[in-house]
Every structure is written in structure tokens, then in C-alpha cells.
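Asks: Residue-level listing of the chains:
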Amino acid sequence: EVQLVESGGVVVQPGGSLRLSCAAAGFTFDDYAMHWVRRVPGKGLEWVSLISWDGGNTYYADSVKGRFTISRDDSKNALFLQMNSLRVEDTALYFCAKDKGPVTDGIDHWGQGIQVTVAS
Amino acid sequence: QTVVTQEPSLTVSPGGTVTLTCASSTGAVTSSHFPNWFQQKPGQAPRTLIYSTSNKLSWTPARFSGSFLGDKAALIVSGVQPEDEAEYYCLLHYGGVWVFGGGTQLTV
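Taken in order, these protein sequences are the chains called P and S.
Here the working numbering is used: the first residue of the first sequence is 4, the next is one more, and so on.
Here the working numbering is used: the first residue of the second sequence is 424, the next is one more, and so on.
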């Protein structure tokens with residue numbers, strides 16, 4: 004059974020930094036691309052970032068480009084999202100998600116999400 | 424900036440059929456956009472229903488299907504059940520970057 008468990012969510016001040024982690028289990032982690040997706044309160048889902056199976060390709064939404072960095076540690080079956088220069092509008096429930104394929108084919112499994120709050 | 428558009432809300436009677444659509448501001452939606460469809464209920468994580476236009480996951484109920492309708496991607500729900508009341512999101516691929524639609528609130 005695929006399991007994705009996010010951690011690292013806290014309350015942080017605007018301009019601050021935060022690192023989210025996602026522990027993966029139940030599948031061969033280094034065979035698949037991985038995503039981060041967020042849901043802003045009162046709004047819909049927003050795709051944030053993608054990393055390919057080998058970490059060689061990364062992609063970002065314009066809203067986070069230059070501030071967020073996605074990475075992975077295949078030895079630990081872990082996905083990360085380094086979030087810098089945080090803004091109030093980054094407040095959201097962040098989901099880790101597994102891609103259907105090694106490069107990108109769409110999302111098949113989701114974590115339960117972790118809350119990030121940016122407030123002074 | 425690419426915009427993906429869905430109907431904000433739809434209402435259907437139990438047992439009926441409803442079609443949700445997903446349009447791209449860049450033009451016609453094609454298989455190269457790998458349309459994905461998700462269901463999200465309050466307090467729950469999203470659940471994937473369809474990937475790459477029409478492919479189902481093992482847990483996708485048979486009444487859900489994906490296709491194209493004109494220049495849009497479509498999610499068809501045939502024989503709607505009360506438990507299908509939820510928000511539905513499409514997701515399209517643009518050369519590595521993905522964009523969600525604004526979501527459709529389906530009321531049964």
C-alpha cells in the first residue's frame with residue numbers, strides 16, 4: 004500500500020523559511036516522479052512543483068519559482084520542499100503526491116497534507 | 424499565464440448523468456496535456472479518478488469515465504450516486520508544468 008506522510012508544517016513569519024518533508028513507503032520510490040500541491044483556504048488546488056524520478060528535472064509554478072526548491076533523497080525514500088521568502092499567500096495545506104510515471108504522467112496517490120501558516 | 428477553466432458548479436439528480444469539462448486558455452485540450460481528474464470532499468485529501476485522459480485507477484468507480492468533448496477534456500459520471508457530491512478538479516500538463524482548473528462543485 005502506498006503511503007505518503009508529510010511533516011514540517013508550522014506557523015512562520017513572512018519572509019521566513021520552512022522545509023517540508025514527505026516520507027514515502029509501499030512503492031519503489033526512485034522509479035517515480037513526485038509532486039507538491041497546495042490548497043489555499045477558501046480556494047482550489049494549486050500545483051506547486053514536480054521532480055523527476057532521478058532528480059534531474061524540476062519544475063515550479065510561477066507563484067513559487069525562485070523561492071521554493073524541490074528535492075529528493077532516494078536513500079531515505081523522502082521528498083522535500085524548501086520554502087524561502089515565505090508570503091502570507093503561501094498559507095495553505097500542502098500535499099505530497101506520487102506521479103504515475105518516472106517523468107510525469109499525472110498524480111495517482113496523495114498524502115493527507117500538512118498545514119503551513121505564514122503570519123506575523 | 425495559462426488558465427484552466429471548469430464549470431464552477433453543477434447540479435444533478437441521483438441516477439442521472441453529468442459531464443464536467445476542462446478547458447485551456449492556450450487552445451484545444453489534447454492527449455499531450457495528460458488530463459487528470461480528482462475528487463475532493465471536505466476535510467479529505469484529493470482522490471485521483473482519471474489520469475492521461477481516460478485511464479482509471481483500481482479504486483475508480485465504473486460510473487466515472489474520462490474523454491474529450493470538443494476542444495475540452497471531460498469527466499462523465501453516469502448513474503450519479505449521493506456520495507458523488509464533492510469538488511472535482513482537472514489537471515493539465517504544459518511541458519513539465521501542471522495547472523489545475525478552478526474546480527467544479529457537484530451537487531447531487
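Hints were generated in silico from the structure; no laboratory data involved.
Worth double-checking, as some hints may not be accurate.
What the hints assert, rightly or not - Where chain S lies over chain P, by a calculated footprint (3+ residues, C-beta under 8 Å):
no., region
1, 43-52
2, 59-66
3, 69-75
4, 82-89
As the list claims (entries may be wrong) - Residues of chain P clear of chain S, computed beta-carbon distances all greater than 10 Å:
no., residue
5, G11
6, G12
7, V13
8, Q16
9, G19
10, S24
11, A26
12, G29
13, T31
14, F32
15, H38
16, V40
17, W56
18, F98
Every residue, glycine too, gets a C-beta built ideally from N, C-alpha and C.
Asks: Could you run down the list of hints and mark each one as holding or not?
Replies: Against the structure, the hints come out as follows:
For the region 43-52 of chain P, the stated coverage by chain S is satisfied: 4 residues place a CB nearer than 8 Å to a CB of that chain, which reaches the threshold of 3. Check result for the region 59-66 of chain P against chain S: holds, 5 residues qualifying (beta carbon to beta carbon below 8 Å, three or more required). Note: the region 69-75 of chain P has 0 residues with beta-carbon separation from chain S under 8 Å; the three-residue rule is not met and the coverage is violated. Residue count for the region 82-89 of chain P with a Cβ under 8 Å from a Cβ of chain S: 0. That is fewer than the three needed, and the coverage hint is violated.
Look at G11(P): its CB is around 17 Å from the nearest CB on chain S, clear of 10 Å, so calling it non-interface holds up. Chain S leaves G12(P) outside its interface by the beta-carbon criterion, the shortest separation being 14 Å against a cut-off of 10 Å. Taking the minimum C-beta to C-beta distance to chain S, about 20 Å, the non-interface status of V13(P) holds against the 10 Å cut. In this structure Q16(P) is separated from chain S by more than 10 Å, as the shortest Cβ-Cβ distance comes to about 28 Å.
The claim that G19(P) is not at the interface with chain S holds, since no C-beta of that chain comes within 10 Å of its own (minimum 26 Å). Distance to chain S confirms S24(P) as a non-interface residue, since its nearest Cβ pair spans about 17 Å, more than 10 Å. Distance check for A26(P) against chain S: the nearest CB is about 15 Å away, which clears 10 Å, and the non-interface claim stands. Every CB of chain S is more than 10 Å from the CB of G29(P) (nearest about 14 Å), matching its label as outside the interface.
No beta-carbon of chain S is positioned within 10 Å of the beta-carbon of T31(P); the least distance is around 18 Å. No Cβ of chain S comes within 10 Å of the Cβ of F32(P); the nearest lies about 18 Å off, and the non-interface call holds. Chain S draws H38(P) into its interface by the beta-carbon criterion, the shortest separation being 7 Å against a cut-off of 10 Å. Not every beta carbon of chain S lies more than 10 Å from that of V40(P), the smallest distance being close to 8 Å; the non-interface claim is violated.
At roughly 14 Å from the closest C-beta of chain S, the C-beta of W56(P) stays outside 10 Å, upholding its exclusion from the interface. The Cβ of F98(P) does not lie farther than 10 Å from every Cβ of chain S; its closest approach is about 6 Å, which violates its non-interface assignment.
Against the hints set out earlier in the document, violations occur for numbers 3, 4, 15, 16 and 18.
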